[in-house]
Amino acid sequence: MDFYFGLAQIIGVHTLLGLSAYIVLLTGQVSMAQAGFFAVGAYAAGMLTVLAGWAILPALAASSLLGAAVACAVGFPALRVKGLMLVIATLAFGEAVRLFFFNFDYQVARGGVKLGPLGGEGFRQIRYFPENGWTTMQVMLFIWIFVVLVMAILWWLDRSRYGAVLRAVGEDELAAQSVGINLTAVKVSAMTIGGAIAGLGGGIYAHYTTHIEHASFGILLATFALAYPILGGLGSVFGTVVAAIFVQGFLVEGLRFLGDWRNLLFGALIVLAMNLRPKGFLDAPTLRWIRRVFGGKRGAA
Amino acid sequence: MALLELKSVSRHFGGVRAVDGLDLVIEPGQIFGLIGPNGSGKSTTVNLITGLFPLTSGSIVFQNEDLEKLPTHLRLQTGIARTFQNIRLFGQLTAWQNLWVAQNSPADWAKRGFFSRWLGGQSGVREEISQLLEFSGLAHRQDELAANLAFGEQRRLELARALATRPKLILLDEPAAGMNTEEIGQLRERILKIRAQGTTVLLVEHVMELVMGVTDRIAVLNFGQKIAEGTPVEVQADAAVRKAYLGGGE
Ligand SMILES: Nc1ncnc2c1ncn2[C@@H]1O[C@H](COP(=O)(O)OP(=O)(O)O)[C@@H](O)[C@H]1O
Ligand SMILES: [Mg+2]
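Top to bottom, those sequences are chains A and B.
According to our numbering, the residues represented by the first sequence are 1 to 301, in order.
According to our numbering, the residues represented by the second sequence are 1001 to 1250, in order.
Just to be clear, a hint being listed does not mean it is correct.
What the hints assert, rightly or not - Taking CB as the label site, the calculated pair distances span:
id: 1; chain 1: A; residue 1: C72; chain 2: B; residue 2: D1066; range: 27 to 37 Å
id: 2; chain 1: B; residue 1: G1152; chain 2: A; residue 2: P285; range: 49 to 59 Å
id: 3; chain 1: A; residue 1: G218; chain 2: B; residue 2: E1183; range: 55 to 65 Å
id: 4; chain 1: A; residue 1: L174; chain 2: B; residue 2: S1130; range: 21 to 31 Å
id: 5; chain 1: B; residue 1: G1039; chain 2: A; residue 2: L174; range: 46 to 56 Å
id: 6; chain 1: B; residue 1: E1183; chain 2: A; residue 2: A69; range: 28 to 38 Å
id: 7; chain 1: B; residue 1: A1147; chain 2: A; residue 2: G133; range: 22 to 32 Å
id: 8; chain 1: A; residue 1: C72; chain 2: B; residue 2: K1243; range: 56 to 66 Å
id: 9; chain 1: A; residue 1: G122; chain 2: B; residue 2: E1065; range: 28 to 38 Å
id: 10; chain 1: B; residue 1: S1057; chain 2: A; residue 2: L174; range: 17 to 27 Å
id: 11; chain 1: B; residue 1: P1106; chain 2: A; residue 2: L51; range: 47 to 57 Å
id: 12; chain 1: B; residue 1: L1192; chain 2: A; residue 2: L174; range: 20 to 30 Å
What the hints assert, rightly or not - If we take Cβ atoms under 10 Å as the criterion, some of the chain A residues that face chain B in the derived model are:
id: 13; residue: A55
id: 14; residue: P58
id: 15; residue: N132
id: 16; residue: A164
id: 17; residue: A168
id: 18; residue: V169
id: 19; residue: A175
id: 20; residue: G180
id: 21; residue: L183
id: 22; residue: R292
id: 23; residue: V293
Said to hold, decoys possible - Quick partial rundown of chain A residues pointing at chain B, CB under 7 Å, derived from the structure:
id: 24; residue: D158
id: 25; residue: R161
id: 26; residue: E171
id: 27; residue: S178
id: 28; residue: V179
id: 29; residue: N182
id: 30; residue: I245
No lab work stands behind these hints: they were computed from the structure.
Because the structure is a prediction, the values reported are computed rather than measured.
Here a beta-carbon is modelled for each residue, glycine too, at the ideal position from N, C-alpha and C.
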């Protein structure tokens, strides 16, 4: 059973990562920086519980805030560039963060052992959960409480005027400006919210794996972050969670016997999905259909 | 006192003088026509007034305020709205939402307060959106995605979206393009109603029956320069205008 709980943990954290990219994608920005915010959150939360002795909840709040602050700072200069240039700029940021942690040593002696990040060796012994006697199931439930919470908030935001404004900017920046929408405020705020979600996800990730290292926060993770909302579709937050379950549960775990060939399959799948369903698994017509079948509610689109 | 004044405004694209030393004065309450052959700089003039790109030289003054430093979204908040020659709606938003996201005037902001300005705020604005949809003959289409509307409906929605920003001056870039005679008649009624509500109109148009029938004053552009200005009757009688339209070709 623990195997499935562990899998659910991975899926939960990856859903958070995907949701952090989802809100940025709504504004039409393709950001490869989400893995960087995730890394910042992971190291920050780990250091707070291990070195500063904080409890998990305040540590996660801090990692989330830090993720938001970094994303906001990245957002201002990065969002002045568009399209491919933005992809490259955010990719460069993500790699810079990774290299920073590759070189980051901050060890403190705790009860005879040295703890804390140690460059390329990574940051071991983030043992808040085992030390406090949490079972795998409890950790899994803890993670999914956050996933559901974040999904609920984003779902509500999506239906608010702010959500409509995000989508308006994503569709046509020129028209959005022309009806008085401040592009910088909208894009930077979306980036900041995305950074908060990624920082939270990273903080959780650090604690359930107990061992983080720079290599986990590379381009592959940044690609995953984008792949979930793109595969799942931008119609609603549910697409992202469906895609995370599919990719992590089926592709990565279910096909483990294929070894590294899975990555090839992953690439092929994205190409295939983008051709077959350019708007994602759960595109607007599919969502309307689901609503009609299960909701009976008028399809307000 | 003039509402909008262009003082020897120029905009060059490389070697092309899209707008070349243009002077224009629009008084409050006017319906001002801007006509001229294709490529004469009409759309560029509209783009310059809304700040899509900077002037090469000259200045634009709106309500005694020099617009040069103001980015597009702040120009809107001073009261300048527009429609596009090629319709630019938010296709994946509903008709209703297209108007919702456009409510960025200071009056709407004050009404809603910070949180509801961004987040909820449907209650205070519902009525105005309904009125605008009614005004545009789109009330029955409010939940339709803008992309799924018919061409004429899209044009009406874009006009309604501009009105949702509560403009003092509205710039209409060829609003009658592609419309049939009946639709043009309805558009004419709408433009007159917009003016009656106190909004000044700059009408860029090719359709002469509309421009001549509805405007108070007309300026004629050719190769980025103003070649004539006056009442519709004066402009129609102008020799240079006849030459630009008949000789210059479309
Ligand atoms: N963004 C631009 N870049 C380069 N040239 C442009 C641009 N916008 C307009 N022009 C040129 O400026 C001239 C005037 O165009 P425009 O203002 O669209 O004319 P009109 O609206 O009167 O038909 C044309 O020669 C056009 O090719
Ligand atoms: Mg034009």
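Determine which of the earlier numbered hints do not hold for this structure and return their numbers in increasing order. 2, 5, 6, 7, 9, 13, 14, 15, 22, 23, 24, 30
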